[in-house]
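A.B. asks: Here are the chains, one letter per residue:
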Amino acid sequence: MILRYVLRRCIFLVFVIVGVTGLLFLITYSIPADPARVAAGPGATPKQVENLRQKLGLDRPAYVQYLTYMKNLFRGDLGKSTRTKKPVIEELKSYLPASLELMVAAMLINVLIAVPFGVLSAVKPGHLADSVSRLFAALGMGLPLFWVALLAQFIFYGKLHVLPFGGRLSTSLLPPAHFTGSFIIDALLAGDWLLFKDALVHLILPATVMALPEIAVTSRLMRSSMLEVLGQDYIRTARSKGLPERLVVGKHALRNAVLVPLTMVGMQVGWILGNTLLVETVFSWGGLGFLAFNAIYKLDFPVIMGVALVMCFVFVILNLLVDILYAYIDPRILY
Amino acid sequence: MKCRFFNLLVIGGLVLAVFAAAAGAGELSNTLVIAQAEYTFSFDAIYNWSDVNRMSRLAYDPLVQYDPTAKAIVPCVAKRWEISEDGLTYTFWLEEGITFHDGSDLTASDVKYTVERTVAIGEGVSRFLENITHIEEINDYTIRFELGRADSSLIEALPALYIVNEDGAKANEVDGDWAQAYLRDNDLGSGPYEVILNLLEQRTVFTKFDAYWKGWEGRNIEKVIWLWIAESATQRLMFENGEVDIAMQPSMADLPYFETDPDTVVHSSATPIILMTSFRVIHKPLDDVRVRQALAMAIDYDYVLDVAYLGYGKLAQGPVPSTFTYHNDGLPLPTFDLDAAKQLLADAGYPGGGFTLKLSYESGQEDKVRTLEMLQETWGELGVGIEPMAADWMAQASMQLDATSEPDVYLNYIWPSGINSAQLLYEFYSGAVKGIYDNNSSYWSDPGVDRLLHAAMAEADPATLAGIVKEAQELIVEAAPAAWIAEVPYVLVARPYVKGYSYNPAHQQTLDVYNMRLEGKE
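Protein chains in written order, with the working numbering: chain A, 1051 to 1385; chain B, 27 to 548.
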């Protein structure tokens, strides 16, 4: 049953990709700027621009370009970057691990902070944890992420000197041998403890900043979901049977209450991926966000398309995983 | 519970501090650390744009160099050269004993390959090389270019022709890409430094090339670490914390702070970039030269220098930058004179103004925003309204190309593609390039100026060329297709122990690290 569901979702993914690419092509043609002109650089002659336009296939009608792109896409060819001339797929392979590392760390921080805070807020309303949780929610949702990133950098790097400004490693260190692309994992695999610690320290600030708005959402959702569950009859029954409160909350209530925030976690991955553009730029984190930032600046459309597709793909796949996790957490859910 | 929560915070803080202390620190006394906002996406020296040129200047050697002090082309890979009297043949004698980073010799064959590669890819300085009809390798160290027509701009384009290792490029070519993909992360040069690490969008590390042909006597920068820091606020923090020696793009707003810091030296240089208002002369009433002259007179030039450039800029004297050969220093300097401007407007039939101009400017550029604010006030005094049109540079470039686009005035830059004055004037003020180069945003042309520019492009004799170019400048300034406001300064901040920095207009916003030193860095 679940397999059929997964298959259905995979077919759905094809339509999503067609939709996303179509939309991006439409946007491309709406922009009042010439990608060939930008790619040719300042001071390029009309002949240079025209040569480049032909080389990039930008002289062909829009629908032909789109169909060619789709045909190549399904063969795994995303074209070449107009800036670096490297295949986009190679660029994505180089940049994706850094973003995934950051995204996973942000999600971990999100879950590890937001769930306990949400539970504590629900169990003891008005308590210190509840107040902190509310403060987090207000700040996390109300403050612009870009500003928070700069402020965090100013405090923890500029004034307290406890964390690095950004980057993925200290300037004096060389990255570990490439295996996964995640410095943390690769350093562990290489058994290089110093490198591992350095990579981890560099992850703290960007990951925490990236997690902040999500902590705000998750903790509030967790709180309201938990409050609702705690008011259910079966919780009252469990308590009246004399079950310790730890078990009532931790086992019976939490498992049911976590479904609502879990739905959001899937969505949050998408938001986090979107936020990489801001956070990676501030923290000089060489991931997809930074790649997208520079590609947009230089109108490098093959790369913009590639990044959008990867983000879309990761978003859909993670939401699928969340759906599968539902069934695991709540056996009543059938697909 | 409260106590446990507090304990948790303290423990977390301690772990953080221990981890932070563990983050490595290394030996940096002979290492120059630079923070730069704009990421260099390639080490392919074909791109002569400033962002790539920053890297290629370290890793490659150009055929010839430009000496900004002497305002002359001086030897580099080519130790001497000869230009035939008719300007159609260029012969270069190359230095012997230059080796690329892989240890192979740089010969005439590499120069020929570099020219052919540049023309085939069709980017960078290729347009200056397309006129070369034949290249002859006379021997390993002598090469001759034959031109289809005389071109005075060729020699001044050659400082941007960095010589690429032919064998290295051919060995790393994929699908006929001239090794462009390979050069994304590697260099193929003979320059003083070679790339040893390119950590995407984070840092690029160069180490000195021991076998560099010019030698290392009296030089001590062994390593260069280039950090890509997009935010100027972060650059400032890193500079304050002593993590970088040079911040390449400090915010203008931070300059007053840096000026008062005894451990900082603010280096300001006049660049060949000129801030101007281009008047689209095909729009009424800008077709009348008196109106254009009036608007030029109603610009508070001192305000721009003091407020937009915090005193670091320089008044522009016509369209050719003062750092260029053949800049006409006999031209009148622009003046702010509202009364004279009002009189000119009245003479043109617009007493009290009474018209509004659509002005396009690039949003997000502080100097242009400040200038726009000033123009709204001073042109307002003439009774001329401004309807601002914010656009990004791509959109503005498209509008500048289009004769039917709306803006009457463009607040933009002269951003020369080389160091040749005739080429600059041709690109911006020749009738032949209207609607072709987005540079000619004013859509102004004059047959007399066209004739002069055409002659200048083909003139080989420097003295004659100087006369022609200077005369063209006079005619252009008189017709006022634009008001040239200021030579935009390039400002960077450095630690006092960083010595030997100088600005070269042939390599805008780059560093000549080979000629720099670190004196007393700890």
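What the hints contain is simulated information worked out from the structure, not anything from laboratory work.
All values derive from a computational prediction rather than experimental measurement.
Be aware that one or more of the hints could be misleading.
With a Cα cut of at most 25 Å, we get these calculated SDA-like pairs of lysine to any residue [stated by the list, open to error]:
1) B:Lys-196 - A:Gly-1217
2) B:Lys-249 - B:Lys-460
3) B:Lys-384 - B:Asp-355
4) B:Lys-368 - B:Leu-331
5) B:Lys-196 - A:Ile-1139
6) A:Lys-1105 - B:Glu-285
7) A:Lys-1097 - B:His-480
8) A:Lys-1105 - B:Gln-534
9) B:Lys-547 - A:Glu-1100
10) A:Lys-1135 - B:His-480
11) B:Lys-460 - A:Tyr-1113
12) A:Lys-1097 - B:Ser-431
13) B:Lys-460 - A:Glu-1100
14) A:Lys-1143 - A:Pro-1194
15) B:Lys-234 - B:Asp-201
16) A:Lys-1105 - B:Lys-368
Covered by chain B, per the in silico footprint, the following chain A stretches (three or more residues, Cβ under 8 Å) [as the list claims (entries may be wrong)]:
17) 1116–1128
18) 1254–1265
Reference excerpt, derived from the structure (chain B facing chain A, CB under 7 Å, subset only) [said to hold, decoys possible]:
19) Ala-63
20) Ser-68
21) Tyr-139
22) Val-145
23) Asp-201
24) Gly-202
25) Gln-206
26) Gln-228
27) Ala-256
28) Ala-259
29) Met-264
30) Met-420
We put the beta carbon where it would ideally sit given N, CA and C, even for glycine.
A.B. asks: Does each hint hold? Answer for all of them.
C.D. replies: These are the hints, each one checked on the structure:
For the proposed pair B:Lys-196 and A:Gly-1217, the alpha carbon gap of about 34 Å is over 25 Å, so the pair is violated. Under the criterion of a C-alpha separation no larger than 25 Å, the hint pairing B:Lys-249 with B:Lys-460 is inconsistent with the structure, at around 47 Å. A C-alpha spacing of about 32 Å is found between B:Lys-384 and B:Asp-355, which places the hinted pair above 25 Å, so the restraint is violated. Restraint check for B:Lys-368 and B:Leu-331: satisfied, since their Cα atoms lie roughly 23 Å apart, inside the 25 Å limit.
For the suggested pair B:Lys-196 and A:Ile-1139, the alpha carbons sit about 23 Å apart, so the restraint of at most 25 Å is met. With a C-alpha separation of about 49 Å, the suggested pair A:Lys-1105 and B:Glu-285 falls outside the 25 Å cut-off, and the hint is violated. Of the supplied pair hints, the one linking A:Lys-1097 and B:His-480 holds, its CA atoms being roughly 19 Å apart against a limit of 25 Å. Of the supplied pair hints, the one linking A:Lys-1105 and B:Gln-534 is violated, its CA atoms being roughly 29 Å apart against a limit of 25 Å.
Between B:Lys-547 and A:Glu-1100 the CA atoms are separated by roughly 50 Å; this puts the pair beyond 25 Å, and the hint is violated. Taken as a hint, the A:Lys-1135 and B:His-480 pair is broken in the structure, with Cα atoms around 36 Å apart against an allowance of 25 Å. Taken as a hint, the B:Lys-460 and A:Tyr-1113 pair is broken in the structure, with Cα atoms around 31 Å apart against an allowance of 25 Å. Between the alpha carbons of A:Lys-1097 and B:Ser-431 the distance comes to roughly 22 Å, so the proposed pair stays at or under 25 Å and holds.
A distance of roughly 17 Å separates the Cα atoms of B:Lys-460 and A:Glu-1100; the hinted pair therefore holds under the 25 Å criterion. Restraint check for A:Lys-1143 and A:Pro-1194: not satisfied, since their Cα atoms lie roughly 30 Å apart, outside the 25 Å limit. Among the hinted pairs, B:Lys-234 with B:Asp-201 is inconsistent with the structure: their alpha-carbon atoms are about 32 Å apart, more than 25 Å. For the proposed pair A:Lys-1105 and B:Lys-368, the alpha carbon gap of about 53 Å is over 25 Å, so the pair is violated.
Counting residues of the stretch 1116–1128 of chain A whose CB lies closer than 8 Å to any CB of chain B gives 0, which falls below the minimum of 3, so the coverage claim is violated. Interface restraint, the stretch 1254–1265 of chain A with chain B: violated (1 residues with C-beta to C-beta distance below 8 Å; minimum three). Because the closest C-beta pair between B:Ala-63 and chain A is about 10 Å apart, greater than 7 Å, the hint is violated. Hint on B:Ser-68 holds. Least Cβ distance to chain A is approximately 6 Å, under the 7 Å limit.
Because the smallest distance between the Cβ of B:Tyr-139 and any Cβ of chain A comes to about 18 Å, over 7 Å, the interface hint for this residue is violated. Among the interface hints, the one on B:Val-145 is violated; its C-beta lies about 10 Å from the nearest C-beta in chain A, farther than the 7 Å criterion. Hint status for B:Asp-201 relative to chain A: violated, with the closest Cβ pair at about 10 Å, above 7 Å. For B:Gly-202, the shortest C-beta to C-beta distance to chain A is roughly 11 Å, which exceeds 7 Å, and the interface hint is violated.
For the restraint placing B:Gln-206 at the interface with chain A, the shortest Cβ-Cβ distance is roughly 4 Å, inside the 7 Å limit, so the hint holds. For B:Gln-228, the interface hint holds, the least distance from its beta-carbon to any beta-carbon of chain A being 5 Å, beneath 7 Å. For B:Ala-256, the suggested interface contact is upheld, since its CB lies about 5 Å from the closest CB of chain A, less than 7 Å. The beta carbon of B:Ala-259 is positioned within 7 Å of a beta carbon in chain A (closest approach about 6 Å), and the interface hint is therefore held.
Here the hint on B:Met-264 is kept, as its CB sits about 6 Å from the closest CB of chain A, short of 7 Å. Hint status for B:Met-420 relative to chain A: holds, with the closest Cβ pair at about 3 Å, below 7 Å.
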